[in-house]
Amino acid sequence: MSLYEELGGEAAVNAAVDIFYRRVLSDAYVIRFFEGVDMEKQAAKQKAFLTMVFGGPNSYTGLDMREGHKHMVEKMGLNDSHFEHILAHLRSTLAELGVPAEKIQEVINIADSVRADVLDR
Amino acid sequence: MEQQLTAFIYPLIMFFILGVVVPVLLSNAADKAHSLDGAPEQPAEKSLYDQLGGEAAIDAAVDIFYRRVLSDAYVKVFFEGTDMVKQAAKQKAFLTMVFGGPNNYTGLDMREGHKHMVEKMGLNDSHFEHILAHLRSTLAELGVGEEKVAEIIAIADSVREDVLNR
Chain F
1 MSLYEELGGE
11 AAVNAAVDIF
21 YRRVLSDAYV
31 IRFFEGVDME
41 KQAAKQKAFL
51 TMVFGGPNSY
61 TGLDMREGHK
71 HMVEKMGLND
81 SHFEHILAHL
91 RSTLAELGVP
101 AEKIQEVINI
111 ADSVRADVLD
121 R
Chain C
1 MEQQLTAFIY
11 PLIMFFILGV
21 VVPVLLSNAA
31 DKAHSLDGAP
41 EQPAEKSLYD
51 QLGGEAAIDA
61 AVDIFYRRVL
71 SDAYVKVFFE
81 GTDMVKQAAK
91 QKAFLTMVFG
101 GPNNYTGLDM
111 REGHKHMVEK
121 MGLNDSHFEH
131 ILAHLRSTLA
141 ELGVGEEKVA
151 EIIAIADSVR
161 EDVLNR
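Quick mapping for you: the protein sequence lines, in order, are chains F and C.
Residue numbers for the first sequence follow the working numbering, so the first one is 1 and each next one is one higher.
Residue numbers for the second sequence follow the working numbering, so the first one is 1 and each next one is one higher.
Don't take every hint at face value.
Only some residues are given here: those of chain C computed to face chain F with a beta carbon under 10 Å [claimed, not checked]:
(1) Leu48
(2) Ser71
(3) Asp72
Bear in mind the hints are in silico, worked out from the structure with no lab data behind them.
Everything numeric in this text was worked out from a predicted model, so none of it was measured.
Glycine is no exception: its CB is placed at the ideal position from the N, C-alpha and C atoms.
Next comes chain C alone, as it looks inside the complex (with noise of 0.2 Å):
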């Protein structure tokens, strides 16, 4: 009776550490190694500058970006008259904020470098919406994706009060 029992047991024991316990250990050990040996499925967290492509992608969206504001015949008078080069590397400049690179932004020279407009030219606003509306178009002609895209948004935005002398 006893023998027959164990007869009956041990295979089925052996069957299920085989056919169960075995397999399980072996998935485990695999996704273990795929997941040291392989890229880590989680990438370090690559600041917005990279992620966008970093000065190249910078050069590229200061092109459709000047192109458009000069376009524009709502707020292409508040560049009349500038020198466009180094209106150019100021551009340039700004969009390295905003893209969250490398950047000597301050405050105080982003107000200092808008309050005659403000002052004597009535910059308000609506043209600060057509700014944060031509670098959206420029972002989303690169192929940037939307929330990215707001997330730029955000930190452009978070010069107006300093842009508009308030």
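The shape of chain F in the complex, shown without the other chains (with noise of 0.2 Å):
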């Protein structure tokens, strides 16, 4: 069974993203990434990003990681601190959902993996 199958699939990622979005949207240290954007858009592109960590099907590529943050590298600062909000917001959204401590650890390998394409280096 695969990472994904395990975790319960596009059930479980659905399931994912509204608790991920919701803890997101009320971290006063990282909101003002999310200020302006188009709200139905970034649902989709979190379902993409939480299918990709769940080990699930996608289309992810790094070249479009790279492209989509740049700009908050660059005009926003955005750094190793925010990234790792952005994790822990993801073990405290897989906690919740039931998700054992050693499947976490395996999604979040997965996740980290995109951090140098997401902050450009």
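Assemble the dimeric complex from its two separately framed chains, guided by the hints.
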């Protein structure tokens, strides 16, 4: 069984998107990066991101991730500390959904693999 | 000839003195007076704790921080079954320390207080990162600027080895 199937597939991703998004938007340290963004497009992106980190079918490209965050790195000071907040919200979301610690670690490892792209390094 | 030259030069000198030298002297004197009787331009370096608002800021921070930590399913397990009144006092002591305020923090206390969580509950860096994240979020919610947040986080991060018993 793939990690994605173990976690519950698309239904689990949908549940996770809701919790994850609520957490991120109630975090004053990172909320400024989401101000003025189109929320429908953003929800689709979050779903694609969570599908990817859950090990599901995805069309993720490092280049997209790099291009999509470049202006935040250059103009808004996006750095490792903000990335750590996103990882933390992801762990909290998975814990809330009852995912055990070892599986959370697998998901986090996938998410952490995009750090250099997001931070344009 | 000599008289003509004098008649020409003296007015020029007077013009120079009245038009350039006096205004410059007056403006320097005004600046000096301003910086003497007004508030000093660079106030004496206030401690980080005082800059943040002292004990009142700590109390506000404890409330937000604690609410955030307890609504985080990833770290909540470490607070289950703890005496909440004692815990609130500990959080206040911890935040006073990271705010650079008067504290009686000892690395040994921190080490002893978390040892059983490291040994029996798997407390590790990822949980420590969550606490740092909640601290950043709390400070941002209180309107503390990112450079000050980074200063506070550096102090908090300095206890990592003690907390994780390394």
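Checklist entry - Which hints from the list above does the structure break, by number from lowest to highest? => result 1
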